[in-house]
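Chemist: The primary structure of each chain is shown beneath.
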Amino acid sequence: MTREMTGAKMVVQALKDQGVDTVFGYPGGAVLPIYDEIFLQNDIRHILVRHEQGAVHAAEGYARSTGKPGVALVTSGPGATNAVTGLTDALLDSIPIVVLTGQVPTFMIGSDAFQEADTVGITRPCTKHNWLVKETDTLAATIHEAFHVATAGRPGPVLIDIPKDVQFANGEYQPPKPSASHYQPIVKGDMEEITELVAAIETAKKPVFYTGGGVINSGPAASQLLRELVDATGFPITSTLMGLGAYPASGDNWIGMLGMHGLYEANMAMHDCDLMINIGARFDDRITGRIDAFSPNSKKAHIDIDPSSINKVIRVDIPIVGDVAHVLEDILKVWKSRGRKTDSANVAHWQAQISDWRKVNCLAFTQEGKTIKPQHALARLEELTKDHDRYITTEVGQHQMWAAQYLGFEDPNRWMTSGGLGTMGYGFPASIGVQMAHPDALVINVAGEASWLMNMQEMGTATQYRLPVKQFILNNERLGMVRQWQELLHGERYSHSWSEALPDFVKLAEAFGAKGILCSDPADLDDAIMEMINYDGPVIFDCLVEKHENCFPMIPSGKAHNEMLLGEAETQGVIDSKGSVLV
Amino acid sequence: MSALHIKKGATRHSAYNLRPNFSDVQERHTIAVLVENEPGVLARVIGLFSGRGYNIESLTVAEVDHTGHLSRITIVTTGTPQVIEQIKAQLGRIVSVHEVHDLTVEGPSVERELAMLKVVGDGEKRVEALRLADIFRANVVDSTLNSFVFEITGAPDKIDAFADLMRPLGLAEIARTGVAALLRGD
Ligand SMILES: Cc1ncc(C[n+]2csc(CCOP(=O)(O)OP(=O)(O)O)c2C)c(N)n1
Ligand SMILES: [Mg+2]
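Chains A and B are the protein sequences, given in the same order. According to the working numbering, the first sequence is numbered sequentially starting from 1. According to the working numbering, the second sequence is numbered sequentially starting from 1001.
The shape of chain B in the complex, shown without the other chains (with noise of 0.2 angstroms):
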C-alpha cells in the first residue's frame, strides 16, 4: 500500500469553527414568531435558544388570536447573519410554530416597551425626577410621600435613557415588558 504524504504540525482551526465564511459582524435583530398557544410552547422556543446557544435579548408573549390560539413572540437576539438565519430556520421546524417573521430584515418596523421605575426621594431629587419624567412623557401611576412609580413607553433606547437619568435621583426598582413590535405600512 502506498503512504500518503501526511502533513504535520498545528492546525489552527477548530473542525468546530464551522462559519469562516460568513461575516463576524454581530447584529441585532427583532423576530415575530406566530405560534399554537398550547402548554409548553414557550418552553420549545426559549429550549431552542438556550440548547443551541442562541442569545436572547428580550422576549415578550401573548396570545393574539383568541379564536385561533395564536401566540406572538416576539424576540430580539443578536448573532452573526448565519447565526440569525439558522436561529429562523430552526424556529420555523417546531412544530407548533405557524410563522416566523425577521422585521429588521422585512421592516421598516416599530418596536414598543413598557416600563415602570420605582423612584424613591425627597427634596429637589423628587421634583427633578418628576420634572424629567414629564419631558420623557412617563406617567406617574402611583406616589407616597417620599417615592413615585412611572410608567413609560417607547423604542429600548428611550427607557434606557430614562433609567439612567434616574439613578441619580433614587431609582430602586424597575420592570420592563421586553419589546413588542410591528411592520410599518400595510
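For reference, chain A alone in the conformation it holds in the complex (with noise of 0.2 angstroms):
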C-alpha cells in the first residue's frame, strides 16, 4: 500500500516506519519543511543541540550505546560541513549513524546558492554510502536503503541531502521491505578456514585472543558467545581501546587493553603468542607498533566482516570473512564436535608467564601529598561507580587512555570514545545521545579541560533537556598528551600544549544553570565524586590534576611491543628521529 504525501512529512513517515525515536539536529532554512512536520508529531523526540557537531557526535554516542543507528538532522552548507567530523569519526570507528542533510532547491543546484555546498562531494570520503534525493517518489526508499547500508556488514555512517523543492512536493510513500539491493555483506564464514582455526586452537601453546570494536558492533550475542568461547578454552583475551566491554573486565582470562598505551601483560602476551585469534580488530598502527616485529613467531588468525581489513596491514595465515557472531557460533559447533581439545598443560605454562609480567604491575602509581593523581582520581571513580548502571565516554588525550586503563568495562556498549579518528570535542556531544537512550543510567563523560572546550556549547543542551550527564574534567591545564610527546620527542620544548585562560568551571556550569563541583584535595575526592552522582541533572566536575604526569605503559613509535616505557623508565632520547615523523 503505498500513500501519497509531501517529502518532508515522508522523511518523518520513514524515520519512524525505522523505529526511531530520538533526532539530534538543528534547524536552517533548507529543512524548514522537515522541522514543521516535526513540529507536528509526537512519535520522534527531537533533540536540539547547539552546533551540528555535536548532533552527529551525540547520534554516535546513541548508536554505540544501543546498538541501533542514530540519526541526525541538519541544514544545508553550513549545517552539512560542520557534520563532517562527526562523520568521519562514525566511519572510522564504525559506528552506524543516517545523517538527513538539507540542500537548495534542484533547480538552483550549481548556481552557487545561498547556503549551498556539494554536500555529497564533501562527505563521499567520509560516509560509507551517501544519495543525493532529486525526486520525492524515490525519497522514502532511500531512507530505507540508507539504514539498510548504516547497518548492514561493517556499520557506518550514511547521508541523505535533501533538497528543499523535493521536501515540498508530493510523492508516493514506500513502506520499508526487505532491502532488495545487491549490497547484501556475507555474515556466515567459510567453514574450511573455521575447521583450521580450531585446529590451531587445539594445539596452540600460546595462544591468545585479540579483540576489537567488531565485537561490539556484532551485537549482544558475539559477546555472549566470544566470553563462552574464552572462558571454555582458558586462552587469555586482550582488546583494544574499542573492544573493552566485549569480554568482562573481571573475566578469569582478562590480560587488560593491548596497544601504545596498554597493559605490560597485553603487550607481552601479543608479541611472545604462537597463535594470535584476531576477532573484528584490524590491527591499527596504535595497535602494532613496529610492524616488521610484531608478534613474529605467531600463526594468526583474523576474524573480519570487512575483507579489505584483511592482509592490509598484518598478513595473516587464516582469514575468516564473516560476522563474528556468526563465526564465533560455528567455531564453538566445530571445536565442540571434535572433543574441546586444547593443549592445556602448555596453556597453563603460558597463563604463568602472563601471570609473572603481571606482576610488573604497570599501573602502579602512588597517590601522595595534596595534589590529585589523575590515575588516583580515575580509580576512585571507579570505585564508586562501578555498582552503577553506568555508561562511560571520553574526550580525546591522556585523561582517556587512563580511563581505558583504570576503569572496568563488564558490557558491551558501556564505552564510547572516538578511537580511529581521536576527536577532541567527542565525548560531551557522545554523552548527551547515551543518556538520552539511557535516561536513567550514571553517564559520565572522562574529560579533559582542552577537550571539553571544543564542544562545551552543548551544556546548553545539557540543561534544556534536563539530562543527567556528569562531565568528569580531569584538569591538567595542558594538553597533556600533546606536552607528553613534546616531552619525550621535542626535547621538552613545550609549544602551545598549555591551557591557558581557563574559564572558572564552576562559574560555567552556574552560568549554564547546572552544578559545577572543584576538587583539588584528594581528601574530598571521595565526597566530591559522591556529590556529582548524587546530584540530579548535568555537572562539571573540575578535577585538579597532577599537571606533569606521564601516560605509561608506552610503545613509543616506531617500538615493538616488547620496547615498552615503564612508569619509571627512563624516557628521554627513546624515540628516534625516524619515529618521530609518526604520529
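Take the hints with a grain of salt, since some may be wrong.
Unchecked claim - Residues from chain A that face chain B, not an exhaustive set, calculated with beta carbons under 8 angstroms: (1) V120; (2) R124; (3) P125; (4) L132; (5) V149; (6) Y183; (7) P307; (8) S308; (9) N311; (10) K312.
Quick caveat, the hints were computed from the structure, so don't treat them as lab data. C-beta atoms are modelled at their ideal positions from N, C-alpha and C, and glycine is treated no differently.
Bring the two chains, given one by one in their own frames, into a single complex with the hints.
Modeler: Structure representation (C-alpha cells):
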C-alpha cells in the first residue's frame, strides 16, 4: 500500500517506520519543511543541539550505547560542513548513523546559491555511502536503503541530501520492505577456514585472543559467544580500545587492553604468542607498533566482516570473512564436535608466564601529597561508580587512555570513545546521546579540559533537556598528550600545549544553570564524586590534577611491543628521529 | 616497579612500512568493475584511488546494461601484490559496486584501446605516414592537404609503437580512450 504525501512528511514517516525515537538536529532554511513536520507530531523526539558536530557525536553515542543507528538532521551548507568531523569519526570507528541534510532546491544546485555546498561531494570520502535525492517518489525508499547500508556488514555513517523542493513536493510513500539491493554482505564464515582455526586452537601452546570493536558491533550475541569460547578454552584475552567490555574486565582470562598505552602483560602476550586470534579488530597502527617486529612467531587468524581489513596491514594465515557472532557460533560448534581439545598443560604454562608479566604491575602509581594524580581520580571514580548502571564516554588525550586503563567494563556498549579519528570534542555530545537513550543511567564523560572546551556549547543542550550527564574533567591545564609527546620527542619544548585562560568551570556550570564542583585535594575527592553522582542534573566536575603526569605504559612510535616504556623507565632519547615523524 | 630493559638506538623501519612480507615487485593489473550507473559513482572510484594513493594508468567507463543501469569501469593499475589485493577489496567495499574482476588473474583476456592521431606534414613525410598507417591498419578518418587524422585500435603497446613512429613525421595531437578488456573464451 502506498500513500501520497510531501517529501518532508515522508522523512518523518520513514524515520518512524525505521523505529527511530530520537533525532539530534539543528534547523535552517533548507530543512524547514522537515522541521514543520517534526512540529506536527509526537512520536519522534527532536533534541536541539548547539552545533551540528554535537548532533553527529550525540547520534554516535546513541548508536554505540544501544546498537541501533543514530540519526542527525542538519541544514544545508554550514550545517552540512559542520557535520563532517562527526561523519569521519563514525566512519573510522564503524558506527551506524544516518545523517539527513537539507539542500538548496534542485533547480538552484550548481548556482552557488545561498548556503549551497556540494554536500555529497564533500562527504563522499567520509561516509560509507551517500545519496542526493532528486525526486520525491524515491525519497522514502532511499531513506530505508540508507538504514540498511548503515547497519549491514561493517556499520558506518550514511548521509542523505534532500533538496528543499523535494521536501515540498508530493510523492508516493514506500513503506520499508526487506532490502532488495545488491548490497548484502556475507555473514557466514568459510567452514574450511573455521576448521583450520579450530585445529590451531587445539594445538596452540601460547594462544591469545585479540578482540576489537567488531565484537561490539556484531551485537550482544557476539559478546556472549566470545565469553563462552574464551572461558571454555581458558585462553587469555586482550582487547583494543574499541572492544572494551565485550569480555568482562573481571573475567578470569582478561589480561587488559593492548596497544600504544596498553598493559604490559597484554602487549608481551601479543609479542610472544604462538597463535593470535584477531576477532573484529583491524591491526591499527596504535596496536601493532613496529610492523616488522609485530608478534614475530605467531600463526595469525583474523575474523572480520570487511574483506579489505584482511591482509591490509598484517599478513594473516587464517583469514575468515564473516560476522563475528556467526563465525564464533561455528567455531564453538566445530570445536565442541571435535571434543573440546586444547593443549591445557602448555596453556597453563603460558598463563603462568602472563601472571609473571602482570607482576610488573604496570599501572602502579603512588598517590601522595596534596595533589590529585589523574590515575587516582579514575581509580576512585571506578570504585564509587562501578556498581551503578554506568556508561562512560571520553574526550581524547591522556585522560582517555587513563580511563581505558583504570575503569573496568563488564558489558559491551558501555564505553564510547573516539578511537580511530581521535576527535577532541567527541565525549560531551556523545554523553548527551547516551543519556537520551538511557535516561536513568549514570552517564559520565571523562574529559580533559582542552577537549571539553571544543564542544562546551552543548551545556545548553544538557540543561535544556535536563540530561544529568556528568562531565568529569581531569584538569591538568595542559594539552597533556601533546605535552607528553613534546617531552619525549621534542626536547621538552612545550610549544602551545598549555591550556591558558581557562574558564572557572564552576561558574561556567552555573552560568548554564548546571552544577559545578571543584576538587583539588585528594582528601575531598570521594565526597566530591559522591556529590556529583547524587546530583540530579548535569554536573561539571573540575578535578585539578597533577599537571605533568605522563601516561604509561607507552610503546613509542616505531617500536615493538616488547620495547614498552613503563612509568619509571627513562624516557629521554628513546624515540629516534625515524619514529618522530610518526604520529 | 621493575624497570624494563629498554633498547636504545635507531629503528630502521617506520611503523607505516606496512608490507614487509609481500613481494616488492610492481605488477600491472587490468580490473573490471561493474557499478550501478548513478551520479557520482565514478567519483567514488576515482576518490578511492586518489585518497588511498593507488595508481591509475588508464580508466574507461560507459554504461553496458541499460535496463540494469550497470556501467563497466576498466582500470589499469600498478602496484605490489598486496596493494593490488587491497585495491580490489577496497573497490568491493563501495556500496555501488556490484562486481570486481581482476582480468590479469582471471585471464587470459583481450585488451583493446582506440586512439586518434593527428599528423601534420607534407611531401615525403606525408607519404611515409600513410604507408605506416597502412601497416598498422590505422584508418584515415579526416584529411586536409597537409594533415591526417588516423584512427587505430589495438593493444596499448601497439598504439604506443604507432605513436612513436608518427612523432618524427609530424604527430601534432593524440587522443586515447583507455583500455577496454574482456576475458577470453566463455
Ligand atoms: C580536534 C583535535 N585537535 C587536535 C588533536 C590533537 N590532540 C590530541 S590529544 C590533545 C590534547 C588534549 O588535551 P586535554 O583534552 O586537556 O587532555 P589531556 O591529554 O590533557 O588529558 C590534542 C591537542 C585532536 N586529537 N583532536
Ligand atoms: Mg588536559
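Chemist: Which earlier hints can't be squared with this structure?
Modeler: Failing hints: none at all.
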